[in-house]
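Chemist: Listed below are the residues making up each chain.
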Amino acid sequence: MSDIKKFMFVNRKAPYGTIYALESLEVVLITAAFDQDVSLMFTDDGVYQLKKGQQTKGIETKNFSPTYRALEGYDIEKLYVDQESLAERGLTEDDLLVDVTVLTRAEVGALMDEQDVILSF
Amino acid sequence: MLHIINRSPLSDKALENCLNTATGGDILLIEDAVYAATAGNAFEARLRAAMGKFKISVLRPDLEARGMADRLVEGAAFVDYAGFVELVAANKTCQSWL
Amino acid sequence: MASIEVNGKSYETDEEGYLVDLAEWNPEVGNYLAQSENIEMTDQHWEVINFLREYFEEYQIAPAVRVLTKAIGKKLGPEKGTSEYLYGLFPYGPGKQACKIAGLPKPTGCI
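Chains as they are written, first to last, in numbering that gives the first Met the number 0: chain A, 0 to 120; chain B, 0 to 97; chain C, 0 to 110.
Treat the hints as calculated values from the structure; they're not laboratory data. Remember, it's a predicted structure, so these values are computed and weren't measured experimentally. Among the clues, some could well be false.
[As the list claims (entries may be wrong)] Heads up, incomplete: computed chain B residues facing chain A, CB under 8 Å, no partners named:
no.: 1; residue: Gly66
no.: 2; residue: Met67
no.: 3; residue: Ala81
A virtual CB, placed ideally from N, CA and C, is assigned to each residue, including glycine.
Make the full structure from the sequences, and use the hints.
Modeler: See the structure below:
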């Protein structure tokens, strides 16, 4: 197909406190059906979405964190995390529940420039 | 007075403004504000510095939901929903920094 | 809210017949839902149903058909990882019919 576009989903919100993280994930899963070049960027509080060990029983909300591990099966394998955002939150790559590529702020900016479409959540 | 915060300190000024404005009392961190009381986050030092003036409580189910219950900062206390109610009942006034 | 009755017990469903609470599911409910779809359950059918339930347990979503097909091929053998095979078992679509029988919600992106 000649009209494959580069889509980037930019995730900047923590999970559960707002609906953005879950909405983003659902749109990503739907977009996967259209065979586009999809990247997911996690920056600012968005990196919290990928934190291991989420247990939502106490807040009676669906724990959607396991679904990030299903993305590979949907051929969505470009997951990026901003290094500074991790560090500001006392997190490292080992705290995350999926394999990601950790980027510097400069690399994040450059990757954003390469996209045809950016969807912000 | 009880101050309730529900926004992440790294993306919203609610907690910062509360710490700068309020004269003291109880602070209860809920929802995304619980990240403020996790070890190693960039707001930790600011929160610790405020501990002389404020008593910091953190709603445990919200910390558990976010996978952060194992890294509560020293000096802050867990509360459950019953503890939330007790805090509200124990204070004459209550302000939510929405 | 609609409901179905299996062995004297009532189960809530949505307007399309999907079970509301997947924790309530059991094989008898699966059989009942299959009958309402005019599907005679065989071992091959159950294999797919069990796979779907395991998938949901692990990832908390019902897989898209394309993803299901690929994953079945990996787990149960390439001859079963084809849409011909899965549509042979579930003529109205493995996503729609098999998910319903398995007690899962409709797959995301399935219209």
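Chemist: Hints broken by the structure, by number, lowest first?
Modeler: Hint 3 alone not satisfied by this model.
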